Amino acid sequence: MDFGFSISPSSTINLDKVDFTLYDRLCEIEPDAKKCMACGSCSATCTAGPWTGMSVRKVILGIQRGKESEAEKMLKGCMLCGKCTMVCPRGINTRHLILSLCRIYGEGER
Amino acid sequence: MIDRFASGFDPFVIPFLIGMVFVLGYCIVGAIRLVFQLDHADRKRFLVSLITPKTIWKNIKDIFLNCLIHVKLWKRNKLLGYMHSSIAFGWFMLIVLGHIECFVYMPHRVKLFYYPIFFNYFVAENEYTLRGAIFFFLMDFFLLMVLSGIVLAIIKRVRSRLFGMRRTTRPSLLDRIGLYSLWLIFPLRLLAESFTAHISGGSFLTIPMNMLFKAFLGDHMNMLPTWWAYSIALCVFMCVLPFTRYMHIPTEMLLIPFRNAGLTIKHARKGFAKAQVYSCPGCGVCIDACPMSVKKANIKDTTVYLNRNIRRGNEKRIEEISDKCLLCGKCTAVCQVGVDGPQMRIAQRSIRNYGLDQDYTGFDISAMKASVSAEPSPGRVLYFAGCMTALTPAISQAMESVFRKAGVDYAFMDKDGGLCCGRPVLMAGRFEQARELIRKNKEIIQASGASTLVLSCPICYKVFREHYKLEGIRVVHHTEYMLELVKAGKLVLEKGEGSMVYHDPCELGRGCGVYEQPRELLRQAGELVEAAQNREMSICCGGSLGSLTLGFDKREDITRNALNNLVSGDPATIVTACPLCKGTFARYADRPVEDIAETVNRHTK
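From first to last, the protein sequence lines stand for chains F and S.
In terms of the working numbering, the first sequence is numbered consecutively and its last residue is 110.
In terms of the working numbering, the second sequence is numbered consecutively and its last residue is 1605.
Be careful, since some hints might not be right.
[Claimed, not checked] In silico EDC-like cross-links for lysine to aspartate or glutamate, where the CA-CA straight-line distance does not exceed 20 Å:
#1 S:Lys1324 <-> F:Glu28
#2 S:Lys1296 <-> S:Glu1556
#3 F:Lys73 <-> S:Glu1436
#4 S:Lys1369 <-> S:Glu1443
#5 F:Lys58 <-> F:Asp32
#6 F:Lys58 <-> S:Glu1471
#7 S:Lys1266 <-> S:Glu1319
#8 S:Lys1324 <-> F:Asp32
#9 F:Lys76 <-> S:Asp1364
#10 S:Lys1270 <-> S:Asp1042
#11 S:Lys1270 <-> S:Asp1340
#12 S:Lys1495 <-> S:Asp1570
#13 F:Lys34 <-> S:Asp1553
#14 F:Lys73 <-> F:Glu107
#15 S:Lys1316 <-> F:Glu107
#16 F:Lys67 <-> S:Glu1443
#17 F:Lys76 <-> S:Asp1357
#18 S:Lys1369 <-> S:Glu1471
#19 F:Lys17 <-> F:Glu68
#20 S:Lys1296 <-> S:Asp1553
#21 F:Lys73 <-> S:Asp1359
#22 F:Lys73 <-> S:Asp1553
#23 S:Lys1270 <-> S:Asp1039
#24 F:Lys76 <-> S:Glu1432
#25 F:Lys58 <-> S:Asp1359
#26 F:Lys73 <-> S:Asp1357
#27 S:Lys1605 <-> S:Glu1400
[Stated by the list, open to error] Computed, partial: chain F to chain S, Cβ under 7 Å:
#28 Met74
#29 Lys76
#30 Met79
#31 Arg103
Just so you know, the hints here were simulated from the structure itself, not pulled from any lab data.
Since the structure is predicted, the reported quantities are computational estimates derived from the model, not experimental observations.
For each residue, glycine too, the CB sits at the ideal point set by N, CA and C.
Extracted from the complex, chain F is given alone in its bound form (with noise of 0.2 Å):
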C-alpha cells in the first residue's frame, strides 16, 4: 500500500562492521587525515561544493564509516584548486590527501 511515504532507510553504521582498509592506507599515505576537526571551512570555501556537494570534511568522516561509494561521488567533482587546502585550520595538506584518495581508490582490485 502507498501512503505516500515511507520509513527512511536506516543510517546507522556498524562501526564492528565497516572496512577501514582505505581509511588506514590513507593515513599511511597522509597521516594528517588524523587531524581533522571536521570544522567545515573546506566545505565552505570549496568550487565543487556548488555544483556536486563535495566536502573534504564529509569525504574524510565517510570514509572513516566505511561510506565508501559516497565519498568517491564527492571525489569526482574535486577540481583540485586547492582553496581548501588555504583554509584548513589545521594545515592538512587536502589537496594530497584527495589525490591519494584517488590513486589508493580499489588498490586492491587492481
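On the provided structure of chain F, position chain S as indicated by the hints.
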C-alpha cells in the same frame, strides 16, 4: 710537410679509434632513436624544421652560442663562462684547425680518421715550415686556451664559490672518471706535441717546452708512451661519456633543434623529454635557484636530481621529486641548457595511475551561462576572478570598482562561484579532466558576447592563454588591462605617498612574460623600488599550487625567504598581481601586502 712514416699509422691510434667509433655510434643510434620516439606530428615538424632556412640558421646560431661559447654562462658568471667556453670552443678549434692543417699539407691522408688528431706525430717539417707557422701558432694558442680552462675547472672543484655557485651536485663515480680523463687529455696533448716540436713544428708553447724539459722530452724513448697515454685518455673519456653527465655535450646539439622546431613534451620519458634529461649537465645551478632549497632543505628535490633519477630509473624518487616541486620555473630560467623542470614534472605526474578519475561532465552550466549571456558587443568585458580571488575578495571588489570608474560594460563571470580554470588539474597531470573544464568554461565565455576576458589570477591567465583558444576574444591579465585603461585616458592615476615593491608572480612573469605592465602602472601610482632578485629571477612566494605534497607547515621558510628578498629596498607596501601570492605573503609579512588592483583602485577617483 712530409710524412714521417710511409704507412701513416701507429698502433697508439687504436684506443682513440675505439673511443671515437663507440661514441659516434652511440650518439647516432641514440639520436635516431630519440627522433623515432617523437609522435608522428612532432617528427614531421622536426624534420621540416631541419630543412627550413630560418630554423637552420637559428639552430646553427644557437648551437654555436650555447654549446661552444656558452653565452648564458657568461651572463651568469664571467669565470664560469670563460671556463666552459675555453674548453668547448678551444677544443672545437683544435679539431677544426687540425683538419684544416691536414687538408692543406697532407691532403692524401685526410681519409684517415685519426690523422688530423695525431697530426704532429705523423709529419715532419721541411723547408716550407714558415707557411705553417700561423697554424702552429693557432694550435698552441687554442691549446693554451683549453689548458687555462682546465686549470679553472680544477680550481672550481675545490672552490665553487669563486664561480658564483654555492651548492653543486656530487659527481658519480663514472662522472669522476670522465672528469679526470678530460682533465688529462690536454696536458698529455701538450706533452706529446712537445716531443715533436722540433720535428713537426711548434710554436710559443711547445717549442719552449721542448727546450726547457730536454731531459725528458729529448729522450725519444718517452715519446711513444706519451702519445699512447694521450690516445688512451681520449679513449677513456669517449667510452665513459654516454654514461656520465658529459652526455649533455652531444645531446644538447639535438635538444636545440628539437626546441627550435617548437616541440613540447608529449611522453614523460621518451623523445623530447629524454633529450632534456640527457642534456642536463648536472651542474646544479638549479639548486641555488630553487626556492625550496632555502635553509638547505629539499636540495635533492631539484631538477638536476630529477634528471639524474630519470636516467637511473629510480621510480620512487622520480615520484617524490616531481610531486614536491612548486613549478615556479626558476630552474628553467637559470638553466643554461634550458631543461624545462616544470613541464618535465607535469609529464611525470601524468603517467600516474589513479583508481578514481575526476569527472566533470555532469556539471550543469546552464545557469552560469544564462547569468552572463548577452548580445555580442565589441566593448563588453567578461571578468573571471578565479578560485584564488574568491579567497581574497578585496581583489575582485577593487577590480569591480576600477571597471565602474572607467565606465566599462562588464560581467562578472564567477561572482557566485564558478568552475576552476583547469590549471591545477593540468599541473597535477590530469590532462583529460583539464580539457573537460576548459570545454565547459569556454562554452560559458562564448555565450557572454564579450570581446575581452579579464583575469586577475596569473594561474588562470596562463591556462587561458595557452589552452583555451578563444576565437575573437582577447585574453588579458588585469595588470595589462588596467594599463590599457590608463593609456586610453579612462582611468587617471594619482601619485601617492610611500614606496612600493612589486613581486613578480611566477605564473605571470616567467609563465607569461608580463613584467613591464605592472611596473608601469605602479610608477604612475607612487615610488617603485625593486627587489634584490626580480623579474625572471623572482622568488616564488611558496604558496604555489604546483606542489602536490609540500604541506603549508613546510612552506614558511620559503615564504620568509621570498619576503626578505622583497623588502631589501625597504618599501612601505608589497604589491603583487596574484591572489595566491597576496594571501601567502600576508601570513608572514611585516608590512601591508596588496594586489595591484587594490593599489590602482586606491590611487584613482
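Consistency of the hints with the structure:
1. S:Lys1324 <-> F:Glu28: This hinted pair holds, its Cα atoms lying about 18 Å apart.
2. S:Lys1296 <-> S:Glu1556: 14 Å, holds
3. F:Lys73 <-> S:Glu1436: 17 Å, holds
4. S:Lys1369 <-> S:Glu1443: 8 Å, holds
5. F:Lys58 <-> F:Asp32: At roughly 15 Å apart (the allowed maximum being 20 Å), Asp32 of chain F and Lys58 of chain F satisfy the hint.
6. F:Lys58 <-> S:Glu1471: 40 Å, violated
7. S:Lys1266 <-> S:Glu1319: 18 Å, holds
8. S:Lys1324 <-> F:Asp32: 17 Å, holds
9. F:Lys76 <-> S:Asp1364: 15 Å, holds
10. S:Lys1270 <-> S:Asp1042: 12 Å, holds
11. S:Lys1270 <-> S:Asp1340: Judged against 20 Å, a Cα distance of about 14 Å means the pair holds.
12. S:Lys1495 <-> S:Asp1570: The hint holds at about 19 Å.
13. F:Lys34 <-> S:Asp1553: Given that 20 Å is the threshold and the Cα spacing comes to 16 Å, the pair holds.
14. F:Lys73 <-> F:Glu107: Distance ~17 Å between Lys73 of chain F and Glu107 of chain F Cα, so the pair holds.
15. S:Lys1316 <-> F:Glu107: Status holds; Cα separation ~18 Å.
16. F:Lys67 <-> S:Glu1443: Since the Cα atoms of Lys67 of chain F and Glu1443 of chain S sit roughly 35 Å apart, the hinted pair is violated (cutoff 20 Å).
17. F:Lys76 <-> S:Asp1357: 6 Å, holds
18. S:Lys1369 <-> S:Glu1471: 18 Å, holds
19. F:Lys17 <-> F:Glu68: With a Cα-Cα distance of about 14 Å, the restraint between Lys17 of chain F and Glu68 of chain F holds, given a limit of 20 Å.
20. S:Lys1296 <-> S:Asp1553: It holds: about 16 Å lies between the C-alpha atoms, which stays within 20 Å.
21. F:Lys73 <-> S:Asp1359: Holds - the C-alpha atoms of Asp1359 of chain S and Lys73 of chain F are around 10 Å apart, at most 20 Å.
22. F:Lys73 <-> S:Asp1553: Not satisfied, since the Cα-Cα distance of roughly 30 Å exceeds 20 Å.
23. S:Lys1270 <-> S:Asp1039: Holds: Lys1270 of chain S and Asp1039 of chain S sit about 10 Å apart, inside 20 Å.
24. F:Lys76 <-> S:Glu1432: Cα-Cα ~13 Å, so holds.
25. F:Lys58 <-> S:Asp1359: 19 Å, holds
26. F:Lys73 <-> S:Asp1357: With a Cα-Cα distance of about 11 Å, the restraint between Lys73 of chain F and Asp1357 of chain S holds, given a limit of 20 Å.
27. S:Lys1605 <-> S:Glu1400: Holds: Lys1605 of chain S and Glu1400 of chain S sit about 14 Å apart, inside 20 Å.
28. Met74: 11 Å, violated
29. Lys76: 5 Å, holds
30. Met79: 4 Å, holds
31. Arg103: This interface hint holds because 5 Å falls under the 7 Å limit.
The structure shown violates the earlier hints numbered 6, 16, 22, 28.
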